[in-house]
Amino acid sequence: MLEIRHLRTLAALRSAGSLVRAAELLNLTQSALSHQVKLLEDRYGGPLFERKTVPIGFTAIGARLLRLADMMLPEIEQAERDVARLMQGDQGQLRVALECHTCFDWLMPVMDEFRARWPEVEIDLVSGFHSEPAELLRTGAADLVIGSDYSADYATFPLFRFEILTVMAQKHRLATHRRLHAADFEGETLITYPVPEQRIDLIREMLRPAGVAFQRRTAELTVAILQLVASRRGLAALPNWAIKNYVDYDYVIARPLGEHGLWSDLYVSVPAALRQKAYVADFVKVIREQCAATLDGIKLLS
1 MLEIRHLRTL AALRSAGSLV RAAELLNLTQ SALSHQVKLL EDRYGGPLFE
51 RKTVPIGFTA IGARLLRLAD MMLPEIEQAE RDVARLMQGD QGQLRVALEC
101 HTCFDWLMPV MDEFRARWPE VEIDLVSGFH SEPAELLRTG AADLVIGSDY
151 SADYATFPLF RFEILTVMAQ KHRLATHRRL HAADFEGETL ITYPVPEQRI
201 DLIREMLRPA GVAFQRRTAE LTVAILQLVA SRRGLAALPN WAIKNYVDYD
251 YVIARPLGEH GLWSDLYVSV PAALRQKAYV ADFVKVIREQ CAATLDGIKL
301 LS
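Numbering (UniProt numbering), first residue to last: 1 to 302.
Be aware that a few hints might be false.
[What the hints assert, rightly or not] With a Cα cut of at most 25 Å, we get these calculated SDA-like pairs of lysine to any residue: (1) Lys-277 <-> Glu-289; (2) Lys-299 <-> Ala-281; (3) Lys-38 <-> Arg-67; (4) Lys-171 <-> Pro-158; (5) Lys-285 <-> Val-20; (6) Lys-171 <-> Arg-217; (7) Lys-38 <-> Thr-53; (8) Lys-299 <-> Gln-36; (9) Lys-52 <-> Gly-297; (10) Lys-52 <-> Arg-217; (11) Lys-277 <-> Pro-158; (12) Lys-277 <-> Glu-259; (13) Lys-285 <-> Ala-272.
I should point out that these hints are in silico values taken from the structure, not numbers from a laboratory.
Produce the entire structure from the sequences given, and follow the hints as far as they go.
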């Protein structure tokens, strides 16, 4: 029997573009997802999509079932939100604070989609840069924080893992290196956001433990950091999604850090009182769905 979960699987395959990322989006193992797809294909007597296309190209069977998913899933999800409103009330507030400066790149479309789903919930950004955004939860100045902290003091929802890459000018002396190590930064200028050193992964995880001496310069905007890098004022370390367009257009070049790369995780944290709120869970869902569909090189956390 065709079930709602099957329609959600097809929608996830289209959104994520691959079996691997769709499995992450659905919190399934890849083998469980493949098994589910095979059962559907056995039922309908043919493949749902072309196996070797990127992104996934759906067959006539898959496309027809997707049209059904597009008709039914929005109605089901709207009904679930309506039931949540009846049970929990239809008013709320989400004041969002960011630890990750580059999150602005993908957060604006997420907030637009959330407002369309929950027009009665007031959502806004807590202005300014915050060196300790989780402190805003403790003081009541924010309702939700997006950052790398995972604290038992708050309800925490996993988002995704991303790689931090070194960014440099095209003709930088290190441009010929395939990957950079701590010693390569000796005497270099590192261009960062104006946050404490302990919140910068490259400094905390690689440079300080290795005793590397470096200069530091700060800028508040990602585009300003990249302009400084391109004009050979120093190096930067930024998330892969934040620099993709600049690398694709040869404005700067990027290299991985260390033997296995430098990776960071993002979470949503809220006070315990908001853990069960349906609009909080839906906000996290929108982030995961949109980022899985639009950000290259990330891995959804389970």
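Structure-based check of each hint:
With a CA separation close to 19 Å, the supplied pair Lys-277 and Glu-289 stays within the 25 Å bound. About 19 Å separates the Cα atoms of Lys-299 and Ala-281, which keeps this hinted pair within 25 Å; it holds. Only pairs whose Cα atoms come within 25 Å are accepted, and Lys-38 paired with Arg-67 is accepted, the gap being roughly 20 Å. Proposed proximity of Lys-171 and Pro-158 is contradicted: the alpha carbons are some 38 Å apart, above 25 Å.
Our distance criterion of 25 Å between C-alpha atoms is met by Lys-285 and Val-20, whose separation comes to about 18 Å. Under the criterion of a C-alpha separation no larger than 25 Å, the hint pairing Lys-171 with Arg-217 is consistent with the structure, at around 20 Å. Simply put, Lys-38 and Thr-53 have alpha-carbon atoms about 18 Å apart, close enough for the 25 Å limit, and the pair holds. Of the supplied pair hints, the one linking Lys-299 and Gln-36 holds, its CA atoms being roughly 21 Å apart against a limit of 25 Å.
With a C-alpha separation of about 19 Å, the suggested pairing of Lys-52 with Gly-297 holds against the 25 Å cut-off. Pair hint Lys-52 plus Arg-217 does not hold up; C-alpha atoms about 46 Å apart against a cutoff of 25 Å. The suggested pairing of Lys-277 with Pro-158 holds, with an alpha-carbon distance near 16 Å, which does not exceed 25 Å. About 42 Å separates the Cα atoms of Lys-277 and Glu-259, which puts this hinted pair outside 25 Å; it is violated.
For a cut-off of 25 Å, the pair hint linking Lys-285 to Ala-272 stands: about 18 Å separates their Cα positions.
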